[in-house]
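**Student:** These are the residues of each chain, in order.
Protein chains: 2
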Amino acid sequence: MASRHVPNRIILTEDQVPKQWYNLRADMKELPEPLLNPGTMQPLKEEELYPVFCKELAHQELDDQTRYVDIPEEILAYYKTYRPSPLHRAYRLEEELGTPAKIYFKFEGNNTSGSHKLNSAIAQAYYAKKQGLTGLTTETGAGQWGTALAMACAHFHLPLTVYMVKGSFNQKPYRRSIIQTFGAEIIPSPSDTTNAGRAILAQSPETAGSLGCAISEAVEKAVTTEGCRYVLGSVLNQVLLHQSVIGLEAKAALELADEYPDVVIGCAGGGSNLGGLIAPFMRDKLLNRTDPRFIAVEPASCPSLTRGKYVYDFCDTAKVTPLAKMYTLGSGFIPGANHAGGLRYHGMSPILSKLYHDGLMEAVSYEQTSVFEAAAFFSAVEGIVPAPESAHAIRAAIDEALRCKGTGEAKTILFGLTGTGYFDMAAYEQYLNGSMTDIIPTDEALANYLP
Amino acid sequence: MASRHVPNRIILTEDQVPKQWYNLRADMKELPEPLLNPGTMQPLKEEELYPVFCKELAHQELDDQTRYVDIPEEILAYYKTYRPSPLHRAYRLEEELGTPAKIYFKFEGNNTSGSHKLNSAIAQAYYAKKQGLTGLTTETGAGQWGTALAMACAHFHLPLTVYMVKGSFNQKPYRRSIIQTFGAEIIPSPSDTTNAGRAILAQSPETAGSLGCAISEAVEKAVTTEGCRYVLGSVLNQVLLHQSVIGLEAKAALELADEYPDVVIGCAGGGSNLGGLIAPFMRDKLLNRTDPRFIAVEPASCPSLTRGKYVYDFCDTAKVTPLAKMYTLGSGFIPGANHAGGLRYHGMSPILSKLYHDGLMEAVSYEQTSVFEAAAFFSAVEGIVPAPESAHAIRAAIDEALRCKGTGEAKTILFGLTGTGYFDMAAYEQYLNGSMTDIIPTDEALANYLP
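Residue numbers (the numbering used here), protein chains in the order written: chain A, 396 to 846; chain B, 396 to 846.
Since no wrong hints were added, every one of them can be taken at face value.
It does not matter which identical chain is meant; a pair holds if it fits inside one copy or across any two.
Think about it this way: if two alpha-carbon atoms lie no more than 25 angstroms apart in a straight line, the pair counts; the simulated SDA-like pairs of lysine to any residue are:
| hint | residue 1 | residue 2 |
| --- | --- | --- |
| 1 | Lys414 | Arg487 |
| 2 | Lys524 | Arg404 |
| 3 | Lys524 | Glu490 |
| 4 | Lys475 | Leu492 |
Simulated from the structure, these hints should not be mistaken for laboratory data.
Generate the whole structure from the sequences, applying the supplied hints.
**Tutor:** Structural data, given as structure tokens:
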């Protein structure tokens with residue numbers, strides 16, 4: 396197998412591209428715990444989600460039986476404008492590391508929103524349009540989700556309001572501009588457009604906001620506006636379903652190269668990329684066909700898997716969302732100013748939380764200076780400047796490859812490169828000029844928020 | 396032909412990808428005038444270029460006989476990491492415009508340097524490495540060329556020094572960071588590292604610099620450093636040769652769709668993209684096989700074709716380069732602060748200048764507010780935020796499509812989308828908030844510099 400020539404970029408042909416999403420829950424022996432209605436503490440029914448989510452997405456959220464879901468024609472047509480995404484063989488990286496390991500990465504940054512978020516954004520916008528909705532709301536932290544959803548909504552002529560964490564809104568004017576260029580309205584959160592925002596502003600007028608707070612505002616705005624619903628770019632089961640296209644394509648491309656991963660690595664904030672990437676490989680493991688390792692990589696500043704608790708918690712700060720059983724640092728936890736804005740969520744996808752809890756997946760955390768060291772090295776070697784989020788997976792993949800160098804094992808490593816770092820150059824500049832520091836919460840600090 | 400289904404993104408398979416560059420000069424009935432040695436006013440010999448360019452590139456610069464040049468294996472291998480680039484059918488744009496025209500665009504922004512510049516950067520870095528050189532110098536204005544060359548030099552472990560126009564250096568810190576992330580040294584120009592720079596600083600200590608001045612510094616640095624040569628990202632014949640890969644791929648992809656362009660449109664600064672895009676179609680025209688129109692689009696603030704003179708002029712400010720016969724506004728001309736930094740060069744490729752002079756190509760200029768109007772519209776419709784340079788071609792393509800709407804003609808329009816605007820969001824912000832203005836030089840102002 397090793398003698399076989401593998402190109403440095405494998406791209407599936409149109410007939411090799413997946414036409415269905417894969418729902419991992421259908422193969423899990425033990426399902427994740429259900430979402431609870433915080434009023435009744437009973438499992439949520441599909442209808443109870445209708446005021447917040449559009450109907451088809453509410454259905455997908457709770458459907459743990461349907462194994463394969465047909466991707467609607469309209470979404471397949473849109474996918475064709477930027478998918479299949481390439482699977483890269485990182486020959487240069489292997490060479491520079493002097494490792495016998497074979498390193499592959501699935502690159503999702505080559506669409507013009509810059510990240511994998513578009514895979515779910517276009518699906519959510521499609522179902523909303525199909526239901527005849529007249530508007531959507533969402534929140535964004537780093538801005539990748541806001542950008543992707545703004546692109547998707549522009550495609551379907553669907554008005555969008557984005558609540559952007561005020562700190563990011565002020566620090567990243569260009570993210571703001573790109574979202575506006577796609578035609579969305581963007582509001583710094585907390586704002587005076589919602590009760591949740593006004594309450595927080597009354598308490599702390601100078602706050603830079605948080606993702607949990609922006610979620611509260613976006614949900615409130617959706618449920619109080621006629622014809623409007625809320626959409627979310629991670630954590631949810633429906634999002635992992637849509638993102639399974641990443642893993643399905645990666646598996647098909649590896650098959651063309653006659654390869655199968657020994658280790659699958661992805662960064663984990665809410666879990667959208669990691670859950671999508673590992674899905675078909677985890678299926679093999681659940682069915683005892685193969686036994687790959689799975690590694691979730693999170694920032695040391697926001698270590699929900701490695702230092703959080705597996706309990707029911709709210710998904711937002713103002714506690715207006717359902718309760719989810721997940722690894723969480725507490726819905727009141729606000730992580731330090733880590734540059735990987737997409738990994739600064741207090742909780743974790745219930746599906747991934749369950750897999751981790753059951754010992755089917757590992758987790759590791761890294762400090763940001765170590766992550767940026769890997770990012771800068773990777774940029775020069777592979778010619779792709781990764782998003783800080785994605786660089787967490789690069790760091791772990793490099794360390795795994797270096798271990799292989801020690802042991803002489805020619806492992807096949809697959810990692811997810813979720814996006815590009817074009818809008819994160821201020822962070823790179825900090826790293827390059829030596830002014831970047833690490834932020835690791837103390838046990839005492841975490842204890843203040845842990846449920 | 397119209398009933399045939401064309402996908403919205405055509406990607407060539409590996410065996411359909413060009414393995415040779417095409418040298419348009421080999422088919423021109425009248426050749427562009429030769430470069431002159433400013434000392435002797437005689438045509439430059441290949442050997443006279445060796446102190447500045449590496450040997451193979453000096454040869455390519457003067458070779459007007461070889462029709463097809465084999466692309467070396469190492470460059471083909473690198474091209475495979477990001478080429479073939481997609482040819483898009485802009486169905487959504489056609490629909491929004493309500494035009495019967497069929498609009499295609501060749502998208503060169505999907506490599507992680509963000510533009511077409513990488514096509515020549517990797518070639519120039521390869522030949523330099525092959526010759527055993529130990530360093531390269533260049534200049535960059537907007538930063539696309541500097542970014543691409545830094546990526547290419549990182550690939551070949553070749554040290555690079557980039558002289559970046561000081562105004563851009565200060566206004567675009569993220570461009571600076573990305574070039575540094577790829578491992579290149581970057582120096583704001585004018586600087587105290589060269590005689591040319593020191594002379595200009597002595598005269599005007601507060602100057603923001605210019606492209607012509609940065610070229611002077613980069614050339615001086617190269618010729619005074621052992622083992623070092625200078626490389627340039629546009630204007631030169633060698634660059635147009637490398638960029639012919641754009642046009643060759645576009646032509647092959649159109650053939651798959653059973654199409655041939657009635658009009659080919661590209662933005663023109665130094666001419667690297669336009670020259671590459673039109674090359675194989677211009678060949679057809681020169682051989683009387685077809686008769687497409689070609690349109691060069693330039694900014695109203697730097698109108699070398701539409702308001703310049705076709706004469707011999709220097710390529711830089713300090714007059715250290717050879718003389719080239721080209722459309723020029725004068726080597727001392729410094730355009731107003733147009734946001735399309737890649738189109739702010741006082742001259743134009745001698746090949747394109749000759750074609751324009753001989754009536755084989757048209758030219759048009761646009762004001763930047765009109766260009767950004769097209770860019771913002773295109774972003775929302777096609778989901779790609781174009782670089783300001785590329786948006787000039789979009790503006791012209793839209794206007795051509797609207798004329799078709801008037802006449803009912805179903806013309807096939809092909810334009811070059813050279814890159815993404817991720818590093819130009821400050822300009823988009825100006826456009827969105829209404830503070831962007833137009834800068835059109837008066838005849839009197841131009842007369843000060845015209846040769």
